[in-house]
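Peer 1: Since the structure of chain G is already known, use the hints to place chains E and B on it.
Okay, here's what each chain looks like letter by letter:
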Amino acid sequence: MAERKIVVPGETIITGEDYLPGNGTKREDEDIVANKFGLVDISDRLVKVIPLSGRYIPRRGNTIIGQVVDYNMKGWMIDFGNTNKGFLQVSEVPWYINKNELLDHFDFGDVLVAKVDSVTARGIDLTIKVKGCGKVEQGILININPNKVPRVIGKEGSMVTTVKEMTNCNITVGQNGVIWLKGDEIDDELKAKKIIEFISENSYVDGLTEKVKEFAESLGKSKSKKTKKTEDESVEDKE
Amino acid sequence: MEVPNVQKQRIIEYLKEGKRFDGREPQDYRDIKVELGISKSSEASCSVKFGKTEVYAGVKMALVTPYPDSPDEGTMMVSAELSPMASEDFELGPPKINSIELARIVDRGIRESKLIDVKKLCVKEGEKVWSVFVDIIAINDDGNLLDVAGLAALIAIGHAKLPVYDEKEDKIEHELSKDSLPIDKEAASFNITLHKIGDQIIVDPNLEEEEISDYRISLAVASKKGKPMITSIQKGKEGTISSEDMEKILNTLEEVWNKQFDNILKLVFEK
Amino acid sequence: MVEKSSYTKREDGRKMDETRPLRAKVGIVPSADGSAMFETGTTRAIAAVRGPRILHPQHMQDPRRGLLRVTYGMMPFSVWERIRPGPSRRSQEISKVIEWALSSIVDLSEFRNSVVDVFIQIPQADAGTRVAGINAAVMALAHAGIPMKEMISAVAVGKIDKTLVVDVDKEEEDYKEGEGSTDIPMCILSRSKEIALLQLDGKISPDDLKKVIEMGKKACEKIHEVQVKALKEIKE
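Protein chains in written order, with this note's numbering: chain G, 1 to 239; chain E, 1001 to 1271; chain B, 2001 to 2236.
If you are wondering where the hints come from, they were derived from the structure by calculation, not from laboratory data. Some hints here could point you the wrong way.
Claimed, not checked - Covered by chain E, according to a simulated footprint, are these stretches of chain G (three or more residues, beta-carbon under 8 Å):
(1) 106–114
(2) 134–141
(3) 185–195
All C-beta atoms, glycine included, are put in the ideal place defined by N, C-alpha and C.
Looking at chain G on its own, in the form it has when it is part of the complex:
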């Protein structure tokens, strides 16, 4: 069962030798103490603090959405926000690239959906050899607090599916907080934007799915089908 308590660094979350200190916590004698500001999450005996805020830290396997900012013969440099730069090698693209024609494929200012392949001291390596990756051809891009991404996605994608249905848009969510919205009408895209921002701002309110549906309805005619209600509003931990 997820707890909704907010803790500050140095605060004792819970006392007891049985508990295990997870992310954002440390054991101090009998106490599990928070070392980050965020929401407490206790499942089984594992105690974690889920950050409410802070920059995105790239992890292997994450989907990111970023922009081409430079290139050389071996590939492209991708900027995905807050000085996070990754490198996409030519060999990580699932089709043939002539090394003299890199910019014909991905040019400056082009946006790509990619996966983080590895994070090492040398840098971050990206790949687009995974389904769902590739160039963003049309649509709008929005930025949200990356810590809210799990909420926007929802348990097994339930929240983002609801938004897709309410707005008739394709939605691709980057773990770095960049979200690509593509609809037939710009108005649908902007509606999706508003709904996602609503989710982000109300991320730890109870009964969020209902509130989201109410909010969406207040924005104007929407063809919202009745979706399965998500009872458990726990925040999904991606790692």
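Peer 2: Positioned in the frame of chain G, the structure of chains E and B alone reads:
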């Protein structure tokens, strides 16, 4: 991340229909919020917000020797700090060209409008005059710092009181007198910066709009017998202005001025 | 015979161990990673955190851990005598002692080659600016999700003539009678209660110093409560 091509396309497309992403029309300002008295140790101070863009401004006064070519006139100096607190793009260190330009644009607008009655700032001709220091600090950049700063400076000046000055002892006390800084309210001009994006001219851009615009043009506009009078202009960025654009700009200027001027005057002079 | 102190009453009616009214708020600079405001009486500090981000120039980077960089400044109109914009020797020293205080709690080991920038600005000053700055900065760092083992709280204690006080204001700082004013900014860790910052100018006996530090520690507990409340009241 810079604004990507894909986004720029959408913004321009949407503007063709006269719409902006945040629901505004091309000539709409964001919500303007003013808070007075940010510092009780100042002759006047305020915080001004357009949406999420926020700027602090304050007025301080000191006695100085006048410039030799204007021995009976007070002086004014506008400084601006684009604190790295306000934006990922602002660096530590001495003022860069963006803060220098901002300060000079705000300065020019106020100076050329002759808002401050500099002759009344003379204490002893050739020897002692009041100097008005206007300091502007950027707190959060979400686009259009220029206009927010311009308004903040104006509001601070509009509310400034002279410090108590003991002429015999030649000492400026740490308290304010009841006398206002001598200004000509009729002369007030405020800064309107217009941006060209695609085919549209917009006012009060947010951060994205500001970044993708072809050019910006800042005009300080006062009132002369109920009609707009331009007291200074600065065009910025690399795009060029066609003669059709110039028509559009002046028309937009007049429309915005008609809509906003009275509200702005209230903010500048009301207690 | 112990002489009596000339300072028997505080201008604003406070008790000797009482702080001025405290106010705190988090999230005041929306585009920063973390931000906060802290106020004691009419001294107000605002702090914003940006980072971790790659540190430039490259030769300043530490491949083992992130660096903390504090920049403290007072706004020109924050005091009666206008302060010329730009860093001064005083602001640089204050930046450094604040940096040391904050470094005692933050854990930047995950952020190799990066910097966490803390910007502190004082819009209104009535003594105690550096401690107000620390109080705002630590909230901003927590808000920015920076890992830290505990929080810190700071207060300026002092001795006015022979009277020990908590939260020295400007009038007390300028007090000239008897032994004058001794100003002691201090900063305490929230769990371990250890001292992360200590400065002094004036004159005080070791016994009085011990006493006034204890008074300061109690005041810091109250300040910590205000900081925690502001963080927990965050809207998003």
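Peer 1: For this structure, which hints from the list above don't hold up?
Peer 2: Violated hints: none; all satisfied.
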